[in-house]
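Produce the complete structure using the sequences and hints provided.
Protein chains in written order, with the working numbering: chain A, 3 to 297; chain B, -6 to 78.
It should be emphasised that the hints constitute simulated quantities derived from the structure, not laboratory data.
Some clues are possibly wrong.
Claimed, not checked - Here are the simulated lysine to any residue pairs, SDA-like style, with alpha carbons at most 25 Å apart:
hint : chain 1 : residue 1 : chain 2 : residue 2
1    : B       : Lys48     : A       : Ser218
2    : A       : Lys262    : B       : Tyr64
3    : A       : Lys259    : B       : Tyr64
4    : A       : Lys6      : B       : Gly31
5    : B       : Lys69     : A       : Asp256
6    : B       : Lys26     : A       : Tyr183
7    : A       : Lys60     : B       : Lys26
8    : A       : Lys189    : B       : Ser2
9    : A       : Lys6      : B       : Ala68
10   : A       : Lys60     : B       : Gln34
11   : A       : Lys161    : A       : Lys252
12   : A       : Lys225    : B       : Gly31
13   : B       : Lys69     : A       : Asp186
14   : A       : Lys6      : B       : Asp52
15   : B       : Lys69     : A       : Ser218
16   : A       : Lys225    : B       : Cys30
17   : B       : Lys26     : A       : Asn185
18   : A       : Lys83     : B       : Ala1
19   : B       : Lys69     : A       : Glu222
20   : A       : Lys225    : A       : Phe236
21   : A       : Lys162    : A       : Gln134
22   : A       : Lys60     : B       : Gly(-1)
23   : A       : Lys290    : A       : Tyr183
24   : A       : Lys6      : B       : Asp23
25   : A       : Lys259    : A       : Gly137
26   : A       : Lys162    : A       : Tyr183
27   : A       : Lys189    : B       : Met32
28   : B       : Lys11     : A       : Val61
29   : A       : Lys60     : B       : Met32
30   : A       : Lys60     : B       : Ser2
31   : B       : Lys11     : A       : Pro62
32   : B       : Lys69     : A       : Asp216
33   : A       : Lys60     : B       : Gly5
34   : A       : Lys60     : B       : Gly31
35   : A       : Lys6      : A       : Asn185
36   : B       : Lys48     : A       : Ala4
37   : A       : Lys6      : B       : Gly(-1)
38   : A       : Lys161    : A       : Leu106
All values derive from a computational prediction rather than experimental measurement.
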Amino acid sequence: MADKSLEMVECGHRACGGCGPALAARLILKGAGERTIICAATGCMEVFSTPYPQTAWKVPWVHSLFQNSAAVASGIEASLKRQGRDEHVICICGDGATFDIGVLCISGAFERGHNITYICYDNEAYMNTGIQRSGATPFDASTTTSPAGKNSLGNSRPKKDMPQILAAHGAPYVATCSIAYPNDIIKKVERAVNIDGPCYIQIHTPCCTGWGFDGSKTIELGKLAIETGLWVNFEIVNGKLEKVKKVKRKPVEDYLKVQKRFAHLFKPSLNTTEIAKIQAIADANAEKYGIDLKI
Amino acid sequence: MALRIGCASAPGQARDNKTGSWRVFKPIFDHEKCTSCGMCQLICPEGCVLTDDGKFIPDYDFCKGCGLCAYECPAKAITMETEEK
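As structure tokens, this is what we get:
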């Protein structure tokens, strides 16, 4: 059983008040335990937790580049194996490093079958450089590189389905979770690090600065994403969908209207056409994973 | 300051950075209303809610005053007050 009182991330890091990724970092290490080595790509978490020499981490932590954390982790894992050691090797990377820049190295590590756990904290854009869109940015979200305006409704492409891409690599364990359900993260991380082979976990981590909401509502936003069907918590074990969080679904407006990145869908007038498109994405998720509670 | 080889640094040195100075609103914990569920400690993004003799106490050296604990507390035992500095 994971020790929930374990604190391997120290106070004094420079994350915004109410930061989703900072909470995720604490929860990940509660699940993984203190015998863990972390490889972290460039990203918000790297920037706020390690301005030299004030690292917040109390476990070995290696910074790679944006693109190669999975390759660095592969090397560490191979070396530990050779030395007969059994520390858990995990990557903690943002969605930019995972969905866009690091895909090559992640695919390589999963194909070679290294015993690592790759964790992506998904805040749905490049937040540390000032909210640029990534492959994880949802449809119609306004970012600094997909700004909503007269000629644009925000990000024109849907979110990439990274968990399914890695499940297709034959990964023994692929899971998604959300900081809205802290115990679920601890449980899934603990399960992943104890499975032999490359595992992938994607954590939904609302970003108050990038999405435009008050820092006290970080968890509520996570819950709304799940309750509207725009985020699905599931586990895929050996290619088979094992567990899905079922909900009584709310309309997507409930989730969209509380965030500034979707404000253009409500002002100056309600854009029902675009909201219907986003509702269709939620409906498709519900259909695909069967998240609707039958009453 | 001189950089060490590989920019290695000792664990947990972020403690030198007292983020409590960022705070505008201060969480006040009401121990009478508290049911000791531990939610505030589990979800604090700073990890600065400490336990002392079974009571939950925020470490004001590091609390940034985000208000997440107050918003999520099921017993509504935490209130946010504007802080005079």
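Hint by hint, here is what the structure shows:
Taking the CA atoms of B/Lys48 and A/Ser218, the gap is near 22 Å; set against the 25 Å cutoff, the hint holds. For the given pair, A/Lys262 sits about 20 Å from B/Tyr64 by alpha-carbon distance, which is consistent with the 25 Å threshold. Straight-line distance between C-alpha atoms of A/Lys259 and B/Tyr64 comes to about 19 Å, which keeps the hinted pair within the 25 Å bound. Taking the CA atoms of A/Lys6 and B/Gly31, the gap is about 11 Å. The hint holds against a cut of 25 Å.
Annotation: proposed proximity of B/Lys69 to A/Asp256 holds, straight-line Cα distance about 23 Å (limit 25 Å). For the hint linking B/Lys26 to A/Tyr183, the alpha-carbon distance of about 24 Å falls within 25 Å, and the restraint holds. At roughly 34 Å between alpha-carbon atoms, A/Lys60 and B/Lys26 are farther apart than 25 Å, so this suggested pair is violated. Restraint check for A/Lys189 and B/Ser2: not satisfied, since their Cα atoms lie roughly 30 Å apart, outside the 25 Å limit.
Only pairs whose Cα atoms come within 25 Å are accepted, and A/Lys6 paired with B/Ala68 is accepted, the gap being roughly 21 Å. Between A/Lys60 and B/Gln34 the alpha-carbon distance is near 19 Å, which keeps this suggested pair within the 25 Å criterion. For a cut-off of 25 Å, the pair hint linking A/Lys161 to A/Lys252 stands: about 20 Å separates their Cα positions. For the hint pairing A/Lys225 with B/Gly31, the CA-to-CA distance comes to about 19 Å; that is within 25 Å, so the pair holds.
Between the alpha carbons of B/Lys69 and A/Asp186 the distance comes to roughly 23 Å, so the proposed pair stays at or under 25 Å and holds. Restraint check for A/Lys6 and B/Asp52: the C-alpha separation of about 19 Å stays at or below 25 Å, so the hint holds. Distance restraint check for B/Lys69 and A/Ser218: the Cα-Cα separation of roughly 14 Å lies within the 25 Å cut-off, and the hinted pair is therefore satisfied. Simply put, A/Lys225 and B/Cys30 have alpha-carbon atoms about 19 Å apart, close enough for the 25 Å limit, and the pair holds.
For the proposed pair B/Lys26 and A/Asn185, the alpha carbon gap of about 24 Å is at most 25 Å, so the pair holds. Using a Cα cut-off of 25 Å, the hinted pair A/Lys83 and B/Ala1 holds, with the two alpha carbons roughly 24 Å apart. Between B/Lys69 and A/Glu222 the CA atoms are separated by roughly 15 Å; this keeps the pair inside 25 Å, and the hint holds. Annotation: proposed proximity of A/Lys225 to A/Phe236 holds, straight-line Cα distance about 15 Å (limit 25 Å).
Taking the CA atoms of A/Lys162 and A/Gln134, the gap is about 16 Å. The hint holds against a cut of 25 Å. Of the pairs offered as hints, the one joining A/Lys60 and B/Gly(-1) holds, with about 17 Å between alpha carbons and a cut-off of 25 Å not exceeded. For a cut-off of 25 Å, the pair hint linking A/Lys290 to A/Tyr183 stands: about 22 Å separates their Cα positions. Straight-line distance between C-alpha atoms of A/Lys6 and B/Asp23 comes to about 24 Å, which keeps the hinted pair within the 25 Å bound.
Of the supplied pair hints, the one linking A/Lys259 and A/Gly137 holds, its CA atoms being roughly 22 Å apart against a limit of 25 Å. Annotation: proposed proximity of A/Lys162 to A/Tyr183 holds, straight-line Cα distance about 23 Å (limit 25 Å). The straight-line distance between the Cα atoms of A/Lys189 and B/Met32 is roughly 16 Å, inside the 25 Å bound, and the hint therefore holds. Straight-line distance between C-alpha atoms of B/Lys11 and A/Val61 comes to about 21 Å, which keeps the hinted pair within the 25 Å bound.
Simply put, A/Lys60 and B/Met32 have alpha-carbon atoms about 23 Å apart, close enough for the 25 Å limit, and the pair holds. Simply put, A/Lys60 and B/Ser2 have alpha-carbon atoms about 10 Å apart, close enough for the 25 Å limit, and the pair holds. For a cut-off of 25 Å, the pair hint linking B/Lys11 to A/Pro62 stands: about 23 Å separates their Cα positions. Distance hint between B/Lys69 and A/Asp216 is fulfilled; the C-alpha atoms sit about 18 Å from each other, no more than 25 Å.
Between A/Lys60 and B/Gly5 the alpha-carbon distance is near 5 Å, which keeps this suggested pair within the 25 Å criterion. For the given pair, A/Lys60 sits about 23 Å from B/Gly31 by alpha-carbon distance, which is consistent with the 25 Å threshold. Distance check on the hinted pair: A/Lys6 and A/Asn185 sit about 9 Å apart at the alpha-carbon level, within 25 Å; holds. Straight-line distance between C-alpha atoms of B/Lys48 and A/Ala4 comes to about 23 Å, which keeps the hinted pair within the 25 Å bound.
The suggested pairing of A/Lys6 with B/Gly(-1) is violated, with an alpha-carbon distance near 32 Å, which exceeds 25 Å. Taken as a hint, the A/Lys161 and A/Leu106 pair is honoured in the structure, with Cα atoms around 18 Å apart against an allowance of 25 Å.
Against the hints set out earlier in the document, violations occur for numbers 7, 8, 37.
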